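Q: We have chain A already, so just place chain B on it with the hints.
Just so you know, the sequences run in chain order A and B.
Take any residue in the first sequence, note its place counting from 1, add 499, and you have its number in this note's numbering.
Take any residue in the second sequence, note its place counting from 1, add 264, and you have its number in this note's numbering.
What the hints contain is simulated information worked out from the structure, not anything from laboratory work.
Since this is a predicted model, take the numbers as computed values, not measurements.
You may find that some hints are simply not true.
Claimed, not checked - From the structure, some residues in chain B lie toward chain A, with a derived Cβ separation under 10 Å:
| id | residue |
| --- | --- |
| 1 | Leu276 |
| 2 | Ser283 |
| 3 | Arg287 |
| 4 | Tyr437 |
| 5 | His441 |
| 6 | Ala443 |
| 7 | Ile457 |
| 8 | Val460 |
| 9 | Ser461 |
All C-beta atoms, glycine included, are put in the ideal place defined by N, C-alpha and C.
The residues making up each chain are set out below.
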Amino acid sequence: MRRGAARALLLSIAWLAIAPTAAKDGVDDGQGEQWLSRMSTALATLDYVGTFVYVRDGQVDALRVWHRVDDDGAHERLVSLSGELREMSRHGPLARLSGGARASASPRRAPSGTVPIDLAALQPSYQLAVGDSDRIAGLPTRILEVRPRDGFRYGYRLWLEQASALPLKSVAYGSDGRAVEQWMFTEISIGTAPTDAELWPGTRPAAAPTAPPVQMLDPAGARWQVRDGPRGFRLALLAAGGSDGEHHVYSDGLARVSLYVEPLAADAPNLSGLLRRGALSVFGRVVDGHQVTVVGEVPPATVERMAQGVVARDGG
Amino acid sequence: MTEDIKQQLSALLDGELDSDTRRFLLRRLQREEELAGCWERWHLARDCMQQQRVSPLRPDFAARIAAALQSEAQPAARGAGATILRWGGGLAVAASVALAALLVMPGPGSVPGTADALPAIAVQPADASQVVSSGLSERDLRPNLSPVARTVAVTDGQSLGPALRLDPRVESYLMRHNAVMMQSGQDSFVPFIHVVSPPRQWSMLPTADHLGAEPARAEPDRAN
Numbered sequence: 500m501r502r503g504a505a506r507a508l509l510l511s512i513a514w515l516a517i518a519p520t521a522a523k524d525g526v527d528d529g530q531g532e533q534w535l536s537r538m539s540t541a542l543a544t545l546d547y548v549g550t551f552v553y554v555r556d557g558q559v560d561a562l563r564v565w566h567r568v569d570d571d572g573a574h575e576r577l578v579s580l581s582g583e584l585r586e587m588s589r590h591g592p593l594a595r596l597s598g599g600a601r602a603s604a605s606p607r608r609a610p611s612g613t614v615p616i617d618l619a620a621l622q623p624s625y626q627l628a629v630g631d632s633d634r635i636a637g638l639p640t641r642i643l644e645v646r647p648r649d650g651f652r653y654g655y656r657l658w659l660e661q662a663s664a665l666p667l668k669s670v671a672y673g674s675d676g677r678a679v680e681q682w683m684f685t686e687i688s689i690g691t692a693p694t695d696a697e698l699w700p701g702t703r704p705a706a707a708p709t710a711p712p713v714q715m716l717d718p719a720g721a722r723w724q725v726r727d728g729p730r731g732f733r734l735a736l737l738a739a740g741g742s743d744g745e746h747h748v749y750s751d752g753l754a755r756v757s758l759y760v761e762p763l764a765a766d767a768p769n770l771s772g773l774l775r776r777g778a779l780s781v782f783g784r785v786v787d788g789h790q791v792t793v794v795g796e797v798p799p800a801t802v803e804r805m806a807q808g809v810v811a812r813d814g815g
Numbered sequence: 265m266t267e268d269i270k271q272q273l274s275a276l277l278d279g280e281l282d283s284d285t286r287r288f289l290l291r292r293l294q295r296e297e298e299l300a301g302c303w304e305r306w307h308l309a310r311d312c313m314q315q316q317r318v319s320p321l322r323p324d325f326a327a328r329i330a331a332a333l334q335s336e337a338q339p340a341a342r343g344a345g346a347t348i349l350r351w352g353g354g355l356a357v358a359a360s361v362a363l364a365a366l367l368v369m370p371g372p373g374s375v376p377g378t379a380d381a382l383p384a385i386a387v388q389p390a391d392a393s394q395v396v397s398s399g400l401s402e403r404d405l406r407p408n409l410s411p412v413a414r415t416v417a418v419t420d421g422q423s424l425g426p427a428l429r430l431d432p433r434v435e436s437y438l439m440r441h442n443a444v445m446m447q448s449g450q451d452s453f454v455p456f457i458h459v460v461s462p463p464r465q466w467s468m469l470p471t472a473d474h475l476g477a478e479p480a481r482a483e484p485d486r487a488n
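Excised from the complex, chain A in its bound form (with noise of 0.2 Å):
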C-alpha cells in the first residue's frame, strides 16, 4: 500500500513536471492560434514607433518604421537608416517610394482589427508552437514557432510581445533549419502615434518604378492557370496585369505567391531563370509569347514549380 502511494507520488511529480513543458511546447493546444491572431490583430491595429535591423545574406541594415492607424486607415513610414537612402510611406490606400512612385491607389483598404493571417487555412500548410520567453528591445517576448509540414514554404520564429502581442522578431528558415532572413527591433514604443509630420516623407527622390493602380478582377476569369503548383497554395486573388496581362495572388494561409502572365515586351530583354535575396524569391520564364514571373517570399522551388506549371486555361 505505501508501495502504491509512494509510486502514485512519483507520478504525480513526474507529471507535475512535464506539464508545463507539454504546456509550452504544446501543438495542438490553441495557444499558437490566439498567438497568432493575436500578432494580426496588433499589427492592424496598433500604432508603434521603432527601429529595427535587417538581416539577409550577410547584409545588415537598419531601418526606422513609424505606423499609425486611424479612421483613414494605415499609416506607415518606413525609412533605410544605412546604405543608400530609401523611404516608402504609406497613408491608406496610398503608397509611395522615395521618388514618387504610387504603389497603388485603391479606395480599398484593411478596416481596423482585420486579421490578414488565414489561421484555418494554414492548417494543412503549418504547425504553430509556443515556445520559450524572451526578451527583445527591453520587452518581454513569448516565442511562437510556424513550422512548414513541407518544404514550399518557409518556417518563422516570431518573438512576440507578451501585453501586445506585436512581433518584435522574426527569424525565416528554410527546410535545413538555417535563417534566410531576419529582423529585430532594437527599440520600440508601442501605442505611440507618430505625428503627421513624423508620417509624412522627408527624403530626396530616388529613380523608382511607377506601379499602376490595381484593377481586381474574378478570379473565375483567369486565362492562366498553375498545374503541378506547389502543395497548399490556392489562387486568393486575381487582378489585372500590365499590357492586357493578368496577376494572380497565390497564398497558403501565410506565404503569399505573386504570378504575372504578361505579354513580351518588344523593347525588353526576357526575364529568365531564378533570383533568390533573403527570403524573397523570384523565377521567369516565357510561356507562349508571354513573360511569366513569380514572386514571393517562400523557397526557390516553390516559385519555380509555379512558374513551370503555367498554362493557358484554354490550352487545357
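A: Then chain B, alone, in the frame of chain A:
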C-alpha cells in the same frame, strides 16, 4: 485646378492639413491624374530644396547588431536533406542599381568579355543548402530559358553561368505584389521592406543540375 485645391495640396505637402480635408484630398489624389501629377512635381521640388536627411546611427551600429545576431542560436535543423547545388564561381552586378535582378542567359554566339559586357564585381557563390528540392532538373528548365540578351565578362578565367542583369521590372512586380496585398486587406509587417532596403549585391542561385535530386517532402497538387 483651383487655387483652393492648390493651397490644400501645399498644406498636405507640409503635413499641416486637418484630418477631414486630408482624407478628402487623398481620395481626389487617387482619382485625378492631374492632381496626382501636380502632387508628385511639388513633392520633388520640395525634397530637392530641403534635402532632408535622416539622423544617422553610430558608425558601428550595424556591425554590433550583426555580431549580436550571429551569436544567437538559429532554429534547429529539421532534417530535410538539402539538395546540393553545384555552382562554382559567381557573378556580380553593376553598381548603383535599385532593387532586383534576374538572370539573362547568354545567347548563342555571345562572347564573354566583349565591349557590351556588364561590369563584373565580386563573386559570391550561391549557398546551395538553402535550395529546396523541386523535382525539376536542369534539362527540364533549359529549353524554356529565354534567348540571350547581353553577354557578361569573365572573371579570373572561371567558367561562368548565367549572366546577371538588374531589371527594374522586378522592383515593379514587388510594388504591385504589395499593392494587391494592401488593397485586399492582407497586409503584413513592413511589406515594402525589400523595396526600401535593397541589397547591395544580389546573391544568385542559378538553375542547376541537381535541383531534382531530392524531391520535396510533399507531393505537389494543383495550385488553383
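Q: All hints are to be evaluated individually against the structure, with a verdict given for each.
A: Hint check results:
Given the 10 Å rule on beta carbons, the hint for Leu276/B holds: about 9 Å separates it from the nearest Cβ of chain A. At a threshold of 10 Å, the smallest CB-CB gap from Ser283/B to chain A is about 7 Å, leaving the interface hint in force. Below 10 Å, beta-carbon pairs count as interface contacts, and Arg287/B has one with chain A at about 5 Å; its hint therefore holds. Using the Cβ-Cβ criterion of 10 Å, the hint placing Tyr437/B at the interface with chain A is satisfied: the shortest such distance is roughly 5 Å.
With a least beta-carbon distance of about 4 Å to chain A, the hint placing His441/B at the interface is held under the 10 Å criterion. Hint status for Ala443/B relative to chain A: holds, with the closest Cβ pair at about 4 Å, below 10 Å. Because the beta carbon of Ile457/B sits about 6 Å from the nearest beta carbon in chain A, less than 10 Å, this interface hint is met. Interface hint status for Val460/B: upheld, as the beta-carbon distance to the closest one in chain A is roughly 5 Å, under 10 Å.
A hinted interface residue such as Ser461/B counts as satisfied when its beta carbon comes closer than 10 Å to some beta carbon of chain A; here the least separation is about 5 Å, so the hint holds.
Against the hints set out earlier in the document, no violation occurs for any number.
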